[in-house]
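Undergrad: We have chain A already, so just place chains B and C on it with the hints.
If you want the building blocks of each chain, they are given just below.
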Amino acid sequence: MATSEITLELVDRLVEKFPETVKNKYLDWHTLIVRREDIVELCEMLKSDGEFEFNFLTDLSGVDYLEYMEVVYHLYSYELQHKLCLKVRVKPDDLLVPSVTSLWSTADWHEREAYDLFGIVFEGHPNLKRILCAEDFPGHAFRKDFPLENDEEYLLRDEKTAEDYGISEDLPS
Amino acid sequence: MPDLRTETLRVNFGPQHPSTHGVLYLIVDLDGEIIVNVEPVIGYLHRGMEKIFEFRNYSQCIAIMDRSDYMSAFFNEMAFIYPVEELMEVDVPKRGEYLRVIMMELNRIASHLLFYGAYGMDLGAVTPFLYCWREREKVMDLFEIAAGYRLHPNYFRVGGVKEDVTDEFLEGTMQFVKELPTWLEEYETLLSYNEIFNLRTRNVGKMTKEWAINLGVTGPVLRATGIRWDLRKTDPYSAYDDFDFDIPVGTHGDCFDAYRIRVLEMLQSARIIEQALNNLPGGPVRAKTKLNVSPPKGEAYARIESPRGELACYIVSDGTQKPYRAKVRAPSFVNLMAVPPLLKGHLIADAIALFGIFEPVMGEVDR
Amino acid sequence: MLGIFKGMGVTFKNVFRRSVTLQYPTEKRDDIADRFRGELKLHRMMGVDDVDRVETRKMPPCMAACPSNMKIREYVGLISEGKYIEAVQVMKEDNPLILVCGRVCPHPCEENCRRGDKDESVAINNLKRFAADYDFRLYKEGKIKIEETEKTKSQKVAIVGAGPAGLTCAYYLAQMGYQTTIFERLPVAGGMLRVGIPAYRLPYDILQAEVDQILALGVELKLNTSIDNLDDLFKDGFDAVFLGVGAHRPIKLGIEGEDLEGVVPGEGFLADVALEKEYKKGKNVAVIGGGNTAIDCARVSVREGADNVYILYRRSLQEMPAHEVEVEDALAEGIDIQYLVSPTKIIGKDGKVVGIECLRNELGEKDAQGRRRPVPVEGSEFILEVDTIMSAISRVPEIDWLEPTEVEVHTKWGTIETDPLTGETSMPNVYAAGDVSLGADIAIAAIGGGKRAAITIDAAFRGIDVKEAHRRGTIPAMVKAEYLDESRGKMPKLPGSKRKSNYDEVDLGLPKEQALIDAKRCLSCETNTCIGCNICAESCPSEAIKIVAGQVQTGERRKVESWDLDIGRCIFCGICVEACPTRTLHHTLKYELAERHVADFIKDKEYLLRSADLIEQEGWTDKHKHIPSAQKLWDSGRPKVKDDALKKEESDKEYTTDSSLRE
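Protein chains in written order, with numbering that gives the first Met the number 0: chain A, 0 to 172; chain B, 0 to 366; chain C, 0 to 662.
So here's chain A without its partners, still in its complex pose (with noise of 0.2 Å):
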């Protein structure tokens, strides 16, 4: 009862139902770049559609390309095995993106954690606070700009550009 992948089928069905959608697949993870207005939408969707049932948000992480921030979710269905992978790119002058925590209840700490550590704000999350940095502490610490004691990279960011890191996809709009 290995896990597999989510069929191709479904996942061209969120396409169709989600057209700004991206498809993308890294490893054994078929991944949609959603629009951060869709997110929401679709992810009642995919828990409460019978073919879809993610009952279980694995991960939430950010990461941070420079030029977007990028909010990664792991979806995982246990009712079917199957499992995906959604991403939300937000510009970083308006990190804005709906909280799934009305979905899945463990979004809140991963969503407090992206707060924290990216500046992401989670609209609609019950209590968005710093969860590991202390309250009073400046910034936010995983931002690729943020500034490091004697750190050349810092220096030298504005040299890496998204591209260096392979992701040439337009940002959805």
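Any given hint might turn out to be false.
Said to hold, decoys possible - Derived PhoX-like pairs (lysine-lysine); straight-line CA-CA distance at most 20 Å:
| no. | chain 1 | residue 1 | chain 2 | residue 2 |
| --- | --- | --- | --- | --- |
| 1 | A | Lys143 | B | Lys296 |
| 2 | C | Lys221 | C | Lys234 |
| 3 | A | Lys86 | B | Lys296 |
| 4 | B | Lys208 | A | Lys46 |
| 5 | B | Lys321 | A | Lys143 |
| 6 | A | Lys16 | A | Lys46 |
| 7 | A | Lys24 | B | Lys296 |
| 8 | A | Lys22 | B | Lys296 |
| 9 | B | Lys50 | A | Lys143 |
| 10 | C | Lys40 | C | Lys558 |
| 11 | C | Lys144 | C | Lys91 |
| 12 | C | Lys479 | C | Lys511 |
Bear in mind the hints are in silico, worked out from the structure with no lab data behind them.
Just so you know, these numbers come straight off a predicted model, no measurement behind them.
TA: Just chains B and C, lined up with the frame of chain A:
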């Protein structure tokens, strides 16, 4: 007397408290003896580990990852290496995989023994702690023989393990797993059949499947609610496919089930180790990989079953020798999230029993 | 009353007694594991300790990977010092065919080079070729002469086959003073080196020069002479026979239409071209196989005027046994390499080949060796229109003539059963090495086998223990010239367009300046001597190691100024020890980090006893640790310590007495 309400009393529990297994701070609001609200405050051990990874080579990350969940270091190493190997498509030699399995299962035993002792002590039984510590010490000695260090072995490498084990280790391990069932039987007379322990854990903190899944609870606590879910079986990694073992599952979803599952898991781990030792293949223990690997551009997410639950690592590689982003999905962190809703409505005396079954290791929670 | 005084005495004794606590045992415990990662230490440092003698007997990884165990560290070191002739002499101790190996060796040494962990491996083979070419130039100019060796021994050895194994065996036997005679079936010497490797990789004159150098030692060579009976050789007065006949019989493809005209074995084709025989030239050529021979066949076909050349290989590039550089060269010459393709049928018309039907594969499960097995994809058949098909899948020895003798033959592979170390066969006084015992393998494996067989033959004649004879060997010296952090030099090559039509040598050889740089990149592995390469500091996750390395003022020898470990930062992960190429860095079994001397604690305590405002007021730094005010605080209730030197001396004494007390 459900109608009787008193003024809520705020109790500060921790950050330094012997029962919090580290530096956890719980703000507990009490109404008489009943817990009204709990707010965990974490971050006292936050080292910015994931940020540190971004400035370290993969080989160095493994050494630092050891310090995440310091009670089960081999799982941390495996969790970090697994996605890197997926990215690089490394074929690990069979002997290397078997050695990994042996190490991880020994570590699971050590970790569960620690839980066993600590949980008993949380509930006032000091004796089991002393006994289980003796057995755990034997495992630690085995780690020292194989890897050179007890808690932070830094033994797994991308493509296998650091070096082959000695005969001394194999013999010692065989002897240990042969003896373990007898010891466990002895221990169970101390706790499992102890009336006080039974009264304090049975039917305490009953959890339902849906509740646990919704809160992201994994590991023995999830299995206690009756879900047959163990990544070693359901999404096999390393060489777990080759072994015959069972997944103990609870029926009530209470503290006692979560405790008992761990005890039974130790026996299953011993079974796996025994099979691995008997069928240990020859050959190299490490694929021909460099010490400083540079995986191709891309990202990988891989999960393993640590003693505390689903331990996963999400790695974004930019093709250099250092990860662009490495996020650790720490089971303790997610499981701790379930503590406030679980504790609500319980007596303060049960708080420790309920909190203890999640067995959070603060190094992993705060990273 | 007396009791009170006694009690006071004890109290005073305790008050004035020096501290005996905090003395952790620092030596090896009985139950401590051998692999325990204790405090880090260096064995020796360059420029600090005497390093002219290499103490370790462990082989460096390059030497261990070489089938002939060439002393790579030593000759690279000599090249780095500009001593090219000496380097060649060192090479020739293990390999008489250095001009050849410098060109065609697939260099397993470089795959195992520890420098490869850092950036790229040392260009060992290019360096070998550089030194060999230098030596050869002097030889051609007559500055180096090779003299016939004196035949001091009475025994005669017959060597069958003038390939690399036979030539090597003859070379070493001749040097030991034996009379040797080589019998060769072909009209040329060199074996597979001559008929299996195209001239653009190994020019014939180079090979011939090497053969001539060996013959100059007094080795007799009989060309066009087939041997078909071993007993005749013994009857002719030979005391021992060495079989180095190689593996020349191609394996058949085993598919339909193999007997059609236009299907040729790859080796046969290469031999025909090499010996300038007549053969039918193809216009569209398909080569089946993924080894170096397949690449050679394709590249020769391009030079012979074929328009389209395909290589069909059933696995992917990753699994391809051909050398990476060769593949790149082939692609540069416009050869179409098709991966994951299996031929299923050869299509003929009027008895001639017109095409080949193939099936596409995908990679499946791993087999026993860890290579992924190709699985055919249903319905993916396609036809390639070709007029010539070459099979270069493998080859086996032609040793049917040995059947009546007692020499045991491995039936599955058709190779002779030999002892892999000594080259002894099941028949006394008959030895074998090279492809005839290994199956199709690389030249250096045959050379190593020939060398070892020569040692065995000598030991057998002299009546000493054969295994003992193989055990001797000197330790290669270490590289002493300055260490360079440069990247690896590129081998200059003929451009792809220029080389399509002729057999000129493609690799041009390293220039001298580049050779010196490449040689100085060597890390001098397994010498137990720090060379200041900085790899330990780079690999430390907590930046605990500081190393200052430079050169002695002459600018030639390596030197390490200092190597410091910040024990407070060290996390004992052991990565530095694993990364250290020279293995000079090692763990001691010291398992507690407690200081050995109480004096060391006193220093810290003084510092700690300072109050915060005092520190601010006095600008308290590490340097100010011993100002008197701090001393006063510490000394209250303690015996006075006059000065640092005395304190140190006393604490030394104290330590010794304490340890005796403990025992």
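Undergrad: Each of the hints needs a verdict: does it hold here or not?
TA: Results of checking the hints against the structure:
Restraint check: the Cα-Cα separation between Lys143 (chain A) and Lys296 (chain B) comes to about 18 Å, which is no more than 20 Å; the hinted pair holds. A threshold of 20 Å between alpha carbons decides the hint, and for Lys221 (chain C) with Lys234 (chain C) the separation of about 18 Å falls inside it, so the pair holds. Taking the CA atoms of Lys86 (chain A) and Lys296 (chain B), the gap is about 18 Å. The hint holds against a cut of 20 Å. Proximity of Lys208 (chain B) to Lys46 (chain A) is assessed by CA-CA distance (about 16 Å); at most 20 Å being required, the pair is judged to hold.
Taken as a hint, the Lys321 (chain B) and Lys143 (chain A) pair is honoured in the structure, with Cα atoms around 14 Å apart against an allowance of 20 Å. Distance hint between Lys16 (chain A) and Lys46 (chain A) is fulfilled; the C-alpha atoms sit about 15 Å from each other, no more than 20 Å. The hinted pair formed by Lys24 (chain A) and Lys296 (chain B) meets the criterion: a straight-line CA distance of about 13 Å does not exceed 20 Å. Distance restraint check for Lys22 (chain A) and Lys296 (chain B): the Cα-Cα separation of roughly 18 Å lies within the 20 Å cut-off, and the hinted pair is therefore satisfied.
At most 20 Å may separate the alpha-carbon atoms for a hinted pair to count; Lys50 (chain B) and Lys143 (chain A) meet this at roughly 9 Å. Proximity of Lys40 (chain C) to Lys558 (chain C) is assessed by CA-CA distance (about 17 Å); at most 20 Å being required, the pair is judged to hold. Annotation: proposed proximity of Lys144 (chain C) to Lys91 (chain C) holds, straight-line Cα distance about 15 Å (limit 20 Å). With a C-alpha separation of about 19 Å, the suggested pair Lys479 (chain C) and Lys511 (chain C) falls inside the 20 Å cut-off, and the hint holds.
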